[in-house]
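Asks: Protein sequence lines correspond, in order, to chains U and X.
The opening position of the first sequence corresponds to residue 0 in numbering that gives the first Met the number 0, with each subsequent residue numbered one higher.
The opening position of the second sequence corresponds to residue 0 in numbering that gives the first Met the number 0, with each subsequent residue numbered one higher.
Please note that a few of the clues may not be correct.
Unchecked claim - Straight-line Cα separation of at most 25 angstroms, SDA-like style, residue types lysine to any residue; simulated pairs:
1. K242(U) with Q251(X)
2. K195(U) with S235(U)
3. K259(U) with Q251(X)
Stated by the list, open to error - Negatives, chain X to chain U, calculated, CB over 10 angstroms:
4. L61
5. L132
6. I242
7. R265
8. S302
Claimed, not checked - Covered stretches of chain U, as calculated for chain X (at least 3 residues, CB under 8 angstroms):
9. 1 to 12
10. 105 to 113
11. 128 to 136
12. 191 to 200
Just so you know, the hints here were simulated from the structure itself, not pulled from any lab data.
Glycine included, C-beta positions come from ideal geometry on N, C-alpha and C.
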Amino acid sequence: MTLLKVQNLSLHYTSGSNNIRAVDGISFNMEQGEVLSIVGESGCGKTSMSLALMRLLPRNSTGYSGHIFFHDEDLMKLSDEELRKIIRWKKIAMVFQGALNSLNPVMRIEQQLAEPLILDASYSRDAISQRITELIGMVHLPNEILRRYPHELSGGMKQRVLIAMSLVLNPQLVILDEPTSALDVSIQAQIMNLLKDLKNNLGISFIFITHDISLASDISDRVAVMYAGEIVEIGSSEQILLKPKHPYTIKLLQSIPTLKSNEPPKFIPGSPPDLSNPPSGCRFHPRCDMALAICSKENPQSFLLNNGQRVNCWLLKENI
Amino acid sequence: MSSILRVEDLKIYYKARKGIFGSVQIKAVDGVSLNVGYGETIAIVGESGSGKTTLGKAILKLLDPTSGRIIFDDQDINLIRTSDVKKFRLQVQGVFQDPYSSMNAFMSVKQILNEPLAIHNIGNKQEREQRILEALTDVNLFPADEIIQKYPHMLSGGQRQRIGLARALILRPKLIIADEPVSMIDASSRAEILYLMRELQSKFNITFLFITHDIATARHFSDKIAVMYAGNIVEYGSPQTIINNPLHPYTQALIKSVPSTNPINRLRMREVIPGEPPSPSNPPTGCKFHPRCPSFISGTCESIEPISVRLDNDHQISCHLWTD
């Protein structure tokens, strides 16, 4: 069943006199129980896209348009108040990037977990305490954690608390923005296992945002590759990781250092473009070593391959 | 091969406050010995709290060791007189993790790169400018005469880290301590900085101490790997040895924790080391890894601290599985 259908979503900001096209017309679908990873370098609009989905818009946003169908209901048609009451945190929740230090230092973990339930007047005291005990078990933390303060927890424990906080109101979709990038490799592996557990046992859908495509392989059913505010390639994990078609995806994969092969990692020269003035035609063409004459002139068409993989690249024009 | 840097049984303990009156001893580095040859790149691999950054700072002479010696170019760096410290700093430079905070936001690239030259009284105004332009070209920042006028916020993370490298390089040091130089940079441009470091190494014959948490990067960009855990080097060897034949259970676990890009990964749980690295204020007795170790030998590992043994020419390990 389709959980989320995003059509032509855009989010633009102003910065000084510039109009920054952080998210520029992206579309994708997501099935219930699925994990979709959004990968791309920093500055490609991954975080902006998730803020657009949650309608947590920065004050300097200028353009916010498109459609977000959540279970066939267009969220863009809801007022801010309706969205806050019905959707945000209740249906769609988010774990923010670098949130480890955003826990309130003077509140016990149990108070922080209970806060949304207390605000929602329909929960009794017992129900609240039962729910937070259940949550803390879901993220494999011992009960005694509830009485502690954030400074008494390690980074890995705090990340588990944050994941538990996103689950308090039983959302169907959780957006995870770089949830492991501040953690050590061994703790990162533990958190990834926890996410797999939650996916398998609770059937929660995740949007997993990362700049590390190898980490995406660890959890995603499907992968979307973002570049300069656009999705340039999307498909199943197998398609994107084993048979990537877009030169950007290929280069992202080649930049991962591997332990098994002697092949040294490569790199993508240059950096993502300034989104206030993106390059003409295909936005990746200045960094692409396979660029054709047309690439600098015309925006690439979206090519849908027989297997369902979608690629925005002129190189596919003849092959299709 | 003669060595440029020798670390002998280095211990660095801090005092940290606990409560209002109490204090607690933190054993950040607890008996590290290391030998680095001229022109080598040695990677120090470890998780946070392993003491790798403290070790780097001690070699930069930014910290005084509690005991042990650091010998750079046949001289114990802790016996250097205050008046000679500047001379030492000409030869040993650092590149730091965060290119956003390790530079003064109010200084232009020119001012940032001019500062070391001014401090060490090198050249006159024209010569300095010439040297700054050369340094920018060395780190592949073009066009140098444009970059020189920019401020850090106008540069990307990768460009900023190259300024950091140029700042270290401009004094033509013999040894550069690079502490997580690429961890804040996008995965897609990490290799670029590392190739650049390698190129500069052969061009100027620089020795690198490359501190990282990422064993996969260390495999491709170093001549030797030292794996640190809770203040000790637990295994040391060439990248081939460490990656293809890791013997310490911690090294084995670190290697398993590197994700590959195989989509089948999502269908299986990753093998993980249970628990978390120990608190340096209250480390476990015996082998510090024993509470998390899958090959734990009861009666030995929790009571006796393992000693480092040399298995062959370039493989050393401290683990009871291999010492007895």
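Asks: None of the hints should be skipped; say for each whether it holds.
Replies: Hints and how they fare:
no.	hint	verdict
1	K242(U) with Q251(X)	violated (30 angstroms)
2	K195(U) with S235(U)	holds (17 angstroms)
3	K259(U) with Q251(X)	holds (14 angstroms)
4	L61	holds (24 angstroms)
5	L132	holds (21 angstroms)
6	I242	violated (6 angstroms)
7	R265	violated (5 angstroms)
8	S302	holds (25 angstroms)
9	1 to 12	violated (count 0)
10	105 to 113	violated (count 0)
11	128 to 136	violated (count 0)
12	191 to 200	holds (count 3)
Of the hints listed earlier, those the structure fails to meet are numbers 1, 6, 7, 9, 10, 11, in rising order.
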